[in-house]
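A.B. asks: Sequence:
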Amino acid sequence: KYEQQPQINWGQPESTFPILMRVVNIDAFFYPIISGLVISVGGLTESVTKHSAKSLLDYIRALKKSKSMVKVAKIGKAFIRLFDEHTKDGRVILPLLVTLDKLLSHRSLDELLQEQRSDFSNQLVARIRKESSQCTDIKRVMAIIPVALGLLDASDIDLVHNTLLPFIMRLLVHRYPRIRRCTAEQLYVKLLEDSSVVPNTEHIDKVVSLLSEVAWDREKVRQSRNQVADLLGIALTEKDRVGPAQKKVTKTAVDEFASYQSLVETAGR
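The sequence shown begins at 1 in the numbering used here and counts up one residue at a time.
These aren't lab readings, by the way, just hints derived from the structure by calculation. As the structure is a computational prediction, the values presented were derived from the model and not from experiment. Incorrect hints may have been included.
[What the hints assert, rightly or not] List of simulated lysine-lysine pairs, DSS-like, C-alpha gap at most 27 Å:
1) 88 to 65
2) 50 to 88
3) 64 to 54
4) 54 to 139
5) 77 to 54
6) 206 to 64
7) 139 to 88
8) 64 to 74
9) 74 to 54
10) 206 to 190
11) 139 to 65
12) 64 to 88
13) 102 to 65
14) 190 to 130
Could you put the whole structure together from the sequences, leaning on the hints where they help?
C.D. replies: Written out as structure tokens, the structure reads:
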């Protein structure tokens, strides 16, 4: 005898997301569902954010348990695709950064960061650097900070030391005071948790003191930033150390007599 199935309330996120995850492994549905989850995880509604994040974390956890690393890598490629398809579009990039931060903080992407043959770390670092360039959206730049710090756990030492750490040092002298302060605070916590991510750990105590004591939201912090970089063994270019050149305003000299002569000539015509 046919039993009527209970109706699904699609307006309830605790019901909707688990159902969607049942079909996420179908190729035709994979990218649309992952894209939708990203927007939901980084959304404004607490209930949607909570249940979408749980569904995504549970899905990745199940993949790792079954050793389906190819599918985990597929998720990483979906994130990169979202960056490429929505470059500089805050409506997508901000939720994407929030999602990445959540996954990195839960260690859900560790295998991708540690896999020697994976270029996920390089691809992601390139995307967040591109997004931060000339970005005037403070929320978006602030969302980049924890993602950049989470990527310090990547196994590619050359990427971490020569690209990622100099990028973080540039955030310490960002034009927006709030970005500088936020970077200093989060870098301080990261170094307390794991100082092995930097080239030189000999002066960590001095560095964490500088990060906590310097008023990073004030002007003229470049000298302090340079000191932090030097103590950590982070190589900076001369341009990074000195900062952008100040544009000189040159006034064009005005010859009053030439102007008077032009006026006389015009009147005599």
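A.B. asks: Going through the numbered hints above, which ones does this structure break? Give me the numbers in ascending order.
C.D. replies: 1, 6, 11 and 12
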